[in-house]
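**Q** The primary structure of each chain is shown beneath.
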Amino acid sequence: MIPKLEVKDLSYSYHSMDGETKALSNISFSVHAGEFLAVVGPSGCGKSTLLSLICGLLKASEGSVLIDGKPMETGDSRIGYMLQKDHLFEWRTIFSNACLGLEIQRNLDEEGRERVRRLLETYGLEDFADARPSELSGGMRQRAALIRTLALEPDILLLDEPFSALDYQTRLAVCDDISTIIREQKKTAILVTHDLSEAVSAADRILILTKRPGRVKDTITIKFPDNAGSPLLRRNCPEFSSYFNEVWKVLREGGAS
Amino acid sequence: MNEQVTSAQLTYVAKQNRRRRMVTAARVFVLIIFLSIWELSARIGVLNDFIFSSPSKIMSCMVEMIRDGSMVYHTGITVLETMVSFILVIVLGIGGAILLWSSRTLSEILDPYLVILNSLPKSALAPILIVWLGANVRTIIVAAVSVAVFGSILTLHNGFSNMDRDQIKLIASLGGSKKDVMMKVLLPGSVPMIVSNMKVNVGLCLVGVIIGEFLAAKAGLGYLIIYGSQTFQLTLVVTSILILCILSALMYRGIAWIEKRLEK
Ligand SMILES: Nc1ncnc2c1ncn2[C@@H]1O[C@H](COP(=O)(O)OP(=O)(O)OP(=O)(O)O)[C@@H](O)[C@H]1O
Ligand SMILES: [Mg+2]
Chain A
1 MIPKLEVKDL
11 SYSYHSMDGE
21 TKALSNISFS
31 VHAGEFLAVV
41 GPSGCGKSTL
51 LSLICGLLKA
61 SEGSVLIDGK
71 PMETGDSRIG
81 YMLQKDHLFE
91 WRTIFSNACL
101 GLEIQRNLDE
111 EGRERVRRLL
121 ETYGLEDFAD
131 ARPSELSGGM
141 RQRAALIRTL
151 ALEPDILLLD
161 EPFSALDYQT
171 RLAVCDDIST
181 IIREQKKTAI
191 LVTHDLSEAV
201 SAADRILILT
211 KRPGRVKDTI
221 TIKFPDNAGS
231 PLLRRNCPEF
241 SSYFNEVWKV
251 LREGGAS
Chain B
1 MNEQVTSAQL
11 TYVAKQNRRR
21 RMVTAARVFV
31 LIIFLSIWEL
41 SARIGVLNDF
51 IFSSPSKIMS
61 CMVEMIRDGS
71 MVYHTGITVL
81 ETMVSFILVI
91 VLGIGGAILL
101 WSSRTLSEIL
111 DPYLVILNSL
121 PKSALAPILI
131 VWLGANVRTI
141 IVAAVSVAVF
151 GSILTLHNGF
161 SNMDRDQIKL
171 IASLGGSKKD
181 VMMKVLLPGS
191 VPMIVSNMKV
201 NVGLCLVGVI
211 IGEFLAAKAG
221 LGYLIIYGSQ
231 TFQLTLVVTS
241 ILILCILSAL
251 MYRGIAWIEK
261 RLEK
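Sequences listed follow chains A and B, in order.
Residue 207 in my numbering sits at position 207 of the first sequence, and the numbers go up by one each step.
Residue 32 in my numbering sits at position 32 of the second sequence, and the numbers go up by one each step.
Each hint should be verified, as a subset may be incorrect.
[Stated by the list, open to error] Below are the DSS-like pairs computed for lysine-lysine, each with C-alpha atoms no more than 27 angstroms apart in a straight line:
#1 Lys223/A / Lys249/A
#2 Lys59/A / Lys22/A
#3 Lys217/A / Lys4/A
#4 Lys186/A / Lys70/A
#5 Lys169/B / Lys211/A
#6 Lys178/B / Lys85/A
#7 Lys22/A / Lys85/A
#8 Lys178/B / Lys59/A
#9 Lys59/A / Lys217/A
#10 Lys260/B / Lys199/B
#11 Lys169/B / Lys179/B
#12 Lys85/A / Lys169/B
#13 Lys186/A / Lys169/B
#14 Lys22/A / Lys169/B
#15 Lys186/A / Lys85/A
#16 Lys85/A / Lys264/B
#17 Lys211/A / Lys59/A
#18 Lys70/A / Lys169/B
#19 Lys218/B / Lys57/B
#20 Lys211/A / Lys22/A
#21 Lys59/A / Lys169/B
#22 Lys4/A / Lys169/B
#23 Lys223/A / Lys186/A
#24 Lys186/A / Lys8/A
#25 Lys179/B / Lys59/A
#26 Lys59/A / Lys70/A
#27 Lys59/A / Lys4/A
#28 Lys223/A / Lys4/A
#29 Lys8/A / Lys217/A
#30 Lys169/B / Lys8/A
#31 Lys179/B / Lys85/A
#32 Lys249/A / Lys217/A
#33 Lys249/A / Lys211/A
#34 Lys211/A / Lys8/A
#35 Lys85/A / Lys59/A
#36 Lys70/A / Lys8/A
#37 Lys8/A / Lys22/A
[Unchecked claim] Residues from chain B shown here face chain A by an in silico Cβ test under 8 angstroms; the list is partial:
#38 Gln167
#39 Lys169
#40 Ile171
Hints are computed from structural coordinates only; laboratory data are not their basis.
These numbers were taken from a predicted model, which means no experiment stands behind them.
Ideal placement from N, C-alpha and C gives every residue a C-beta, glycine not left out.
Given only the sequences and the hints, what does the whole structure look like? Please build it.
**A** Structural data, given as structure tokens:
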């Protein structure tokens, strides 16, 4: 079976007048359709860089990114990117914020509007369609940002610490919320996070990177009983802490070397 | 509004209202005192009313100007010149700032020239403009535009370059180009900054128009001031200055009103 997304031997360096910063070195991994991959690693190891490379915002120095076995093109709308901050624009309503992607792709027809309206309805924001972003709570804003991404119907979602701007309580709820939506929509997802418990509770597999320049140190497959579907339920399983410790151990080994 | 209004709150509101009324009354009082002293000293001869004019003379001059239509005529010319140069400054300011924002190399090349042009006292240019363009409305407008436009470009460009890089990343991740960044984020997000820049510019344009009218006009408030002082009609000069005060206050208020409307 061809993986949904394949990253082959990817390397990237930033250049500035002060010199070269090698951010990623020979990264290879693949993600299957419908899989939820979490990426963890020390701060500054190149996680955000990796996502930017996958969605074509940056050009790789070496290596390639394949989607469905074919090289990825810039501006490929099969990939949706969710940033740490929601960046909802205050001068637009929630509805027109959610339509931004379609508008930019010159694709905002009645069908697209209908899709956005349905998404807002499904995820409990229909009463806020005409509201301004400042009238929403942090969790609702993050959901609106997700709808903005989903409106383009991407197959693959890239999430760069999308919950880290929220307080802890909201964060648990929103993580639960968003990962449920993503699984429901059968999207392939890559989640970058600093929070190991978030990674263990949400993902099917965890990719652990070394410190800069980032390399793949290990991958750990996470398996929970079928009745523990959502992140909040998973947090209560006995497996949860053993996976957590396993990831923690692998990450710490890097610190010693 | 079903919250309980406590008596302490009522006392506070009443006290604030009383204070505000007092301030307004005091302002009017200061004006009346000032005008009375001026009028009185002119009447009893402490002030030479040929040089210092007097409130009553200014009043009758105003009435006369309204009657013969010269008030509307000269004020209208000045307003028109200010508006035309103001609109030109807005267009050139935003256009120039976008141009600089779209090319970092261009902005680095032009930066020192803009800074020099901006700090140059523009009144020094007026005599050359008369030679180049003639003593006419064109010179006045160019003078007014030159007073405001360089500062406007620099201020707006500076604001544009401070835009959040992640917002650019967001537009790019949705498949947008630099033009999308400009249309969807840069311009709509900069409206408050552009309006507050307009507030400064309307004042600067008026300064530029008056400088231009001093040197190159046959009509307008600046012309009246120069004409009045050369023919020793000081009442005319003071009256024109008074009209100018009212005019600039109105223009500033106009932009402030637009600003308020946009905030909603
Ligand atoms: N525009 C840039 N120019 C130069 N160096 C950069 C740039 N962006 C990132 N870097 C460097 O590349 C490395 C990787 O950055 P990246 O943002 O991908 O890390 P990260 O893993 O996402 O970090 P964090 O966990 O803090 O978000 C960092 O050491 C950073 O200093
Ligand atoms: Mg990052």
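**Q** Would you mind marking each hint as holding or not holding in the structure?
**A** Hints and how they fare:
1. Lys223/A / Lys249/A: holds, 18 angstroms
2. Lys59/A / Lys22/A: Cα-Cα ~14 angstroms, so holds.
3. Lys217/A / Lys4/A: holds, 22 angstroms
4. Lys186/A / Lys70/A: Judged against 27 angstroms, a Cα distance of about 21 angstroms means the pair holds.
5. Lys169/B / Lys211/A: Holds, at about 24 angstroms.
6. Lys178/B / Lys85/A: holds, 21 angstroms
7. Lys22/A / Lys85/A: Holds, because 26 angstroms separates the two Cα atoms, which is no more than 27 angstroms.
8. Lys178/B / Lys59/A: Within the cut-off at roughly 17 angstroms; holds.
9. Lys59/A / Lys217/A: Holds, because 23 angstroms separates the two Cα atoms, which is no more than 27 angstroms.
10. Lys260/B / Lys199/B: holds, 12 angstroms
11. Lys169/B / Lys179/B: holds, 13 angstroms
12. Lys85/A / Lys169/B: holds, 11 angstroms
13. Lys186/A / Lys169/B: holds, 26 angstroms
14. Lys22/A / Lys169/B: holds, 21 angstroms
15. Lys186/A / Lys85/A: holds, 24 angstroms
16. Lys85/A / Lys264/B: Status holds; Cα separation ~25 angstroms.
17. Lys211/A / Lys59/A: holds, 21 angstroms
18. Lys70/A / Lys169/B: holds, 24 angstroms
19. Lys218/B / Lys57/B: Distance ~24 angstroms between lysine 218/B and lysine 57/B Cα, so the pair holds.
20. Lys211/A / Lys22/A: Roughly 11 angstroms separates the two Cα atoms, so the pair holds.
21. Lys59/A / Lys169/B: Roughly 14 angstroms between the alpha carbons, so the hint for lysine 59/A and lysine 169/B holds.
22. Lys4/A / Lys169/B: Within the cut-off at roughly 24 angstroms; holds.
23. Lys223/A / Lys186/A: holds, 18 angstroms
24. Lys186/A / Lys8/A: Holds - the C-alpha atoms of lysine 8/A and lysine 186/A are around 24 angstroms apart, at most 27 angstroms.
25. Lys179/B / Lys59/A: holds, 21 angstroms
26. Lys59/A / Lys70/A: holds, 16 angstroms
27. Lys59/A / Lys4/A: Holds - the C-alpha atoms of lysine 4/A and lysine 59/A are around 20 angstroms apart, at most 27 angstroms.
28. Lys223/A / Lys4/A: holds, 20 angstroms
29. Lys8/A / Lys217/A: holds, 15 angstroms
30. Lys169/B / Lys8/A: Distance ~24 angstroms between lysine 169/B and lysine 8/A Cα, so the pair holds.
31. Lys179/B / Lys85/A: holds, 22 angstroms
32. Lys249/A / Lys217/A: Between lysine 249/A and lysine 217/A the Cα gap is close to 12 angstroms, so the pair holds against 27 angstroms.
33. Lys249/A / Lys211/A: holds, 15 angstroms
34. Lys211/A / Lys8/A: This hinted pair holds, its Cα atoms lying about 19 angstroms apart.
35. Lys85/A / Lys59/A: holds, 23 angstroms
36. Lys70/A / Lys8/A: Holds, at roughly 12 angstroms.
37. Lys8/A / Lys22/A: This hinted pair holds, its Cα atoms lying about 17 angstroms apart.
38. Gln167: Status holds, d = 6 angstroms.
39. Lys169: holds, 7 angstroms
40. Ile171: holds, 7 angstroms
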